[in-house]
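> Given next are the chains, with one letter for each unit.
2 protein chains.
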Amino acid sequence: MGSTLGEFEQLVLLALVRLGDDAYGVTVRRELEKRAARSVSLATVYTTLARLEAKGLVDTRVGEPTPQRGGRRKKHYVIVPAGRRALRDTLRTLRRMTSGLDAVWDA
Amino acid sequence: MGSTLGEFEQLVLLALVRLGDDAYGVTVRRELEKRAARSVSLATVYTTLARLEAKGLVDTRVGEPTPQRGGRRKKHYVIVPAGRRALRDTLRTLRRMTSGLDAVWDA
DNA sequence: CGATATCTTCGACATTGTCGACTATTTGGG
DNA sequence: CCCAAATAGTCGACAATGTCGAAGATATCG
Numbered sequence: 005m006g007s008t009l010g011e012f013e014q015l016v017l018l019a020l021v022r023l024g025d026d027a028y029g030v031t032v033r034r035e036l037e038k039r040a041a042r043s044v045s046l047a048t049v050y051t052t053l054a055r056l057e058a059k060g061l062v063d064t065r066v067g068e069p070t071p072q073r074g075g076r077r078k079k080h081y082v083i084v085p086a087g088r089r090a091l092r093d094t095l096r097t098l099r100r101m102t103s104g105l106d107a108v109w110d111a
Numbered sequence: 005m006g007s008t009l010g011e012f013e014q015l016v017l018l019a020l021v022r023l024g025d026d027a028y029g030v031t032v033r034r035e036l037e038k039r040a041a042r043s044v045s046l047a048t049v050y051t052t053l054a055r056l057e058a059k060g061l062v063d064t065r066v067g068e069p070t071p072q073r074g075g076r077r078k079k080h081y082v083i084v085p086a087g088r089r090a091l092r093d094t095l096r097t098l099r100r101m102t103s104g105l106d107a108v109w110d111a
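So the protein lines, in turn, are chains A and B. Numbered continuously in the working numbering, the first sequence closes out at residue 111. Numbered continuously in the working numbering, the second sequence closes out at residue 111.
The reader is advised that the hints may include incorrect statements.
[To be verified] With a straight-line Cα cutoff of 30 Å, these simulated DSS-like cross-link-like pairs (lysine-lysine) come out:
#1 Lys38(A) / Lys59(A)
#2 Lys78(B) / Lys38(B)
#3 Lys59(B) / Lys38(A)
#4 Lys38(B) / Lys79(B)
#5 Lys59(A) / Lys79(A)
#6 Lys38(B) / Lys59(A)
[Stated by the list, open to error] Here are a few chain A residues that sit away from chain B, every Cβ distance over 12 Å (derived from the structure):
#7 Gly29
#8 Val30
#9 Ser45
#10 Leu46
#11 Tyr50
#12 Thr51
#13 Arg55
#14 Gly60
#15 Asp63
#16 Arg65
#17 Glu68
#18 Pro69
#19 Arg73
#20 Lys78
Bear in mind the hints are in silico, worked out from the structure with no lab data behind them. Note that beta-carbon positions come from the ideal geometry of N, C-alpha and C, so glycine has one too.
Could you put together the complete structure from these sequences and hints?
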């Protein structure tokens, strides 16, 4: 089974973990721009989110309309166990490969 | 200037750092199988190595024939400053995204 | 030389990464 | 009511990465 996560998929999954409940397209993108200093279009975020869902790593639920000034309903995303596992494995591999190489991220 | 490294590119670059001088196709693959518990074909490793070179992230030098039982010459790879920088940035982003999320890799 | 052991390169195809443009919902005003 | 404005998501495409199996290059030893 192919359980490796792409570079961007990892970041999106991590954003979901950080955001908890309030995770949907716009917030995920914002989190990525702030914390990861990476600017991406919303379309890019949605595409990856859709693929993660197709792979069964995240779940979605369409929210109720909010009292704000109009706008379509939000589609919330949450990481599921399988997703958390995939993320854990990926990060674990990275840690194993970097352990003892402080020279890499110095300066 | 797209400076993001793919998931596998990161692992290969890290393998190069770990291997130092003795880094070439076969050893890189071995390092990946051992430390990263990831099995890949040699062709896969070479393809990525070639692309990293094309992007100017690694340098190569063809070695002299070794006294072993025959075989073609090895092509050694070494990460260059630009590569180290790209790797550092990528890992830094990951760290920023994971900081404070110990729950992710527990259990 | 020729068989055999080592390595690297080719040609292809599947996954991911990235968008710009377009569609769907909602709500406040006129 | 109906529509402009505000939000949020979906489509269709194309570039970059991930992955091989098969083929091509060199060496060394009898």
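> Would you assess whether Pro69(A), listed as outside the interface, keeps its beta-carbon beyond 12 Å of every beta-carbon in chain B?
At roughly 31 Å from the nearest Cβ of chain B, Pro69(A) sits farther out than 12 Å, so the non-interface label holds.
> For the pair supplied as a hint, Lys78(B) and Lys38(B), confirm whether the alpha-carbon distance does not exceed 30 Å.
holds (21 Å)
> Given the hinted pair Lys59(B) and Lys38(A), is their Cα-Cα distance within 30 Å?
Distance of about 27 Å is within 30 Å: holds.
> Has the given pair, Lys38(B) with Lys79(B), been kept, meaning a C-alpha gap of at most 30 Å?
This hinted pair holds, its Cα atoms lying about 21 Å apart.
> In terms of Cβ atoms, is chain B entirely out of 12 Å range of Glu68(A)?
holds (28 Å)
> Any Cβ of chain B at or closer than 12 Å to Leu46(A), or is the non-interface label fine?
Its Cβ never comes within 12 Å of chain B, the nearest being 18 Å, so this holds.
> Since Thr51(A) was said not to touch the interface, does its Cβ keep a gap of more than 12 Å from each Cβ of chain B?
For Thr51(A), whose nearest Cβ neighbour in chain B is about 16 Å away, the distance exceeds 12 Å, so it holds.
> Over 12 Å to the closest beta carbon of chain B is the bar; see if Arg55(A) clears it.
holds (14 Å)
> Is the Cβ of Gly60(A) more than 12 Å away from each Cβ in chain B?
holds (18 Å)
> Just checking, Val30(A) versus chain B, shortest CB gap more than 12 Å?
holds (18 Å)
> Classify the label on Lys78(A) as holds or violated, using whether its beta-carbon is more than 12 Å from each beta-carbon of chain B.
holds (22 Å)
> Tell me if the straight-line CA distance from Lys59(A) to Lys79(A) falls inside 30 Å.
The hint holds at about 17 Å.
Comparing the model with each numbered hint stated earlier shows that all of them hold.
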